[in-house]
Amino acid sequence: MNSDFARRFRRNTGAVIGLFVLLVVGLLALLAPLLAGNDPWDMVQQPFLAPMAEPGLWLGTDALGRDVAAGLIHGARVSILIGLVATAAALLAGITVGALAGYHGGWVDVVLMRFTELFQAIPGFAFAVVLVAIFQPSVESIVAAIALVSWPPVARLVRSEFMSLRQREFVQAALLAGQTHWRIIFTQILPNAVSPIVVMGSLMVATAILLESALSFLGLGDPNMMSWGYMVGAARTALRQAWWIAVFPGLAIALTVLALNLVGEGLSDGLNTRLQGRTR
Amino acid sequence: MKADNTLGAPSVSGNPVPVLGPERGPAPVLQVRDLSVCLPAGADRPLAVNAVSFDIPAGQTLCVVGESGSGKSMIANAVMGLLPVPHVRATGGTMVFEGEDLRLANETRLRALRGQRIAMIFQEPMTSLNPVMRVGEQLQEVLDCHCPDMPGAIKRQKVIESLRDVGLPEPEQTVHSYPFRLSGGQRQRVMIACAMLLEPTLLIADEPTTALDVTTQAQILTLMKDLQRRKGMALLFITHDFGVVAQIADRVVVMQTGSVVESGDAQTVLRSPQHPYTRKLIEAIPQGVARATAGADQRPPLLEVRGLNKTYRSGGGWFKPARTVHAANALSFTLREGETLGIVGESGSGKSTVGRCLTGLIPMDSGELVFAGQPLAADVRHRRLAQRGQVQMVFQDPYASLNPRQSVGSAIAAGPLAQGVPRDEAWRRTRELLQLVGLKHDATDRYPHEFSGGQRQRIAIARALAMRPRLIVADEPVSALDVSVQAQVLELFEQVRRDFQLSMVFITHDLRVAAQMCDHIAVMRRGEVVEHGETAAVLGDPQHAYTRELIAAAPRF
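These protein sequences, in sequence, are chains L and H. Residues 1 to 280 (this note's numbering) are what the first sequence spells out, left to right. Residues 1 to 557 (this note's numbering) are what the second sequence spells out, left to right.
Everything labelled a hint here was simulated from the structure, so no lab data went into it. If a hint is listed, it holds; no wrong ones were tucked in.
Using C-beta positions, here's what the derived DEER-type ranges look like:
no.: 1; chain 1: H; residue 1: 91; chain 2: L; residue 2: 120; range: 51 to 57 Å
no.: 2; chain 1: H; residue 1: 226; chain 2: L; residue 2: 13; range: 54 to 60 Å
no.: 3; chain 1: L; residue 1: 167; chain 2: H; residue 2: 311; range: 18 to 24 Å
no.: 4; chain 1: H; residue 1: 40; chain 2: L; residue 2: 120; range: 42 to 48 Å
no.: 5; chain 1: L; residue 1: 13; chain 2: H; residue 2: 100; range: 38 to 44 Å
no.: 6; chain 1: H; residue 1: 178; chain 2: L; residue 2: 160; range: 23 to 29 Å
no.: 7; chain 1: H; residue 1: 85; chain 2: L; residue 2: 13; range: 23 to 29 Å
no.: 8; chain 1: L; residue 1: 236; chain 2: H; residue 2: 178; range: 56 to 62 Å
no.: 9; chain 1: L; residue 1: 3; chain 2: H; residue 2: 468; range: 38 to 44 Å
no.: 10; chain 1: L; residue 1: 160; chain 2: H; residue 2: 321; range: 28 to 34 Å
no.: 11; chain 1: L; residue 1: 167; chain 2: H; residue 2: 365; range: 17 to 23 Å
no.: 12; chain 1: L; residue 1: 17; chain 2: H; residue 2: 210; range: 43 to 49 Å
no.: 13; chain 1: H; residue 1: 40; chain 2: L; residue 2: 13; range: 18 to 24 Å
According to the in silico footprint, chain L covers these stretches of chain H (three or more CB under 8 Å from chain L):
no.: 14; region: 374 to 386
no.: 15; region: 397 to 408
Please read these numbers as outputs of a predicted model, since none were measured by experiment. Where a beta carbon is used, it is the ideal one built from N, C-alpha and C, also for glycine.
From just these sequences and the hints, can you work out the full model?
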């Protein structure tokens, strides 16, 4: 089973490359204090120092003389942390709502879905901006805002999966055996709905990283954490004089998001047993 | 076939009706010699078809018979050039069609032959037709690409004639219908009309009646035989059903795991099969001999059904009324302890609905269920826990009825555990039952995908038995299985019924199976029981016209 998964995943070259990029970003985030020679907030040299101009500052310095490379390495921490935590929160909310709505149907479904639509009716990014602005920018409020705008699609997906799986005969057999609803949801239905949820989750991490970058770019990032979006935002005014301040964090965002998308596609291939060439 | 119609095959212009070639004499239309088809690496065997040879002369029918996985459909696809190359391809042998080796023909040539000289009918009439295209347009497409120079009026005329040929009523109206307006049998007739439009010399039919009801199957078989006689074409007929073989075949080829084990004249093979595999297949066919009704009526009733009603409503809105289907209309019957009641009928007769109403999976609209003297709630969710375990169900599709992500052992043990049986006891019972249904005890840790269809159905039976039920509702439990496996599973049903003193409601479309399994039979039609009585009486001396029709249509030999 697991080796089949690995084989199908490996067949997707892009996914393997994506996984490699993610591993590098993850290592950067984990070992940030060891790898970065300087504190990202310290002014270590004169401002606007070009890359490779000074030993030890191979990506140059920004408008305040801070080390861009150190900022990049520490920014990986923020991006990964916020991406993972916000996605986990969104998945938890989305799966709960979707599972209840899809399993029970009827008025439970109607109430929960109208509630979901309430969130979908507000443009996601604008909603996140408002939430962060009201609750003061901090890691917690950013995570909460991102989770709040990203759970509705999960709820919709899980609901549709549950609605079709609920009709399956093994679920009916469990009903006949007198198993409780919770048991049926957790042992019969959820394991069969895991594949699309995992794939969606990997793509949501990418979206969450983009959202966090966009919020920081607008100056709504956590003021105590150096993030890629904040770096691009800060570099905006000096874009023509010092391209490197914006380009490197921008590249980091693009690469990470691309890698996550590639891995998501690989997971989708890997979890799709039909790709084996035989059904059933 | 549809795909290459839209591609526009090269024309054989000015010759709308192909003139039959001079080679249509005694020489066979299709001569297959040592045909081998390979399977991709990692399949269960290297060759799907292993050195198969046969001839089909004009005006004759060759049946290729075999169980699923025997490679019989691969032969049809190889002849049509429809194999999914390069993973599955013909690796050796020749397929000479009217003097031309199809294995060497390129795609352009094959496209010209398909539809024009060789036509094919598929198993599933529901998916073979384009649902958003009118029937007439679909048929005319064939003429559009094979005879582009034919005037439109003549094309329309030909389409209507072809529909009349296959016995569709009012062909002038039918050409304007969409496929969803037609029944399964009518759609299969349209597919046949489509295949016959250019009067091919070879018609390949891949299980064309498997998805149809027995009465429809009988009509389609008669139609194909009749068309074949009138047009003098060769017919390659692929089937798993010896009853169908008896009805239509001139010659038979019996296949087992890719190789021909026996071939010859249909009568000879059916009457005196030489190969043990053929003999096994023929013996496995339910004989339809009614069993003696066991133990009279003095046993106490287990389940009483009074006035069961179920109506489905679909569609409907503010301005148009909903479409209603009475799946069960005021049904009443009594099932005694240890008795097996067969519910037979065609698809859409409501027999499955009745089964699900009894188990409570579909709550009935009105009516009363009395189980062992106690009232039984209509909805399974409202039944008391102890009652829930006593009525169990075995489903039709053994692939859909087991959770692919749950090990077999925990799937069986989950039921008793939910009933409050202690863990050790539940697992002990699981191991015992797996042994009883003929599986090794290491099966507990394995997952459903490691088992064949028949084994999965055994697991499903073990799962039902683990609850110590008093009543099992079996909904077409063997119709998805091969005939030899079917016989074994039926035997298992018989055995557990005896050992556990079970009552059973056995839902089936196959009268032969019902005759073998049931004490009483209820014949259903459009939500009503038209005849109900002891098996021997119902099958031996049917009172209702519909029962007689069903019995007449059942394939036999």
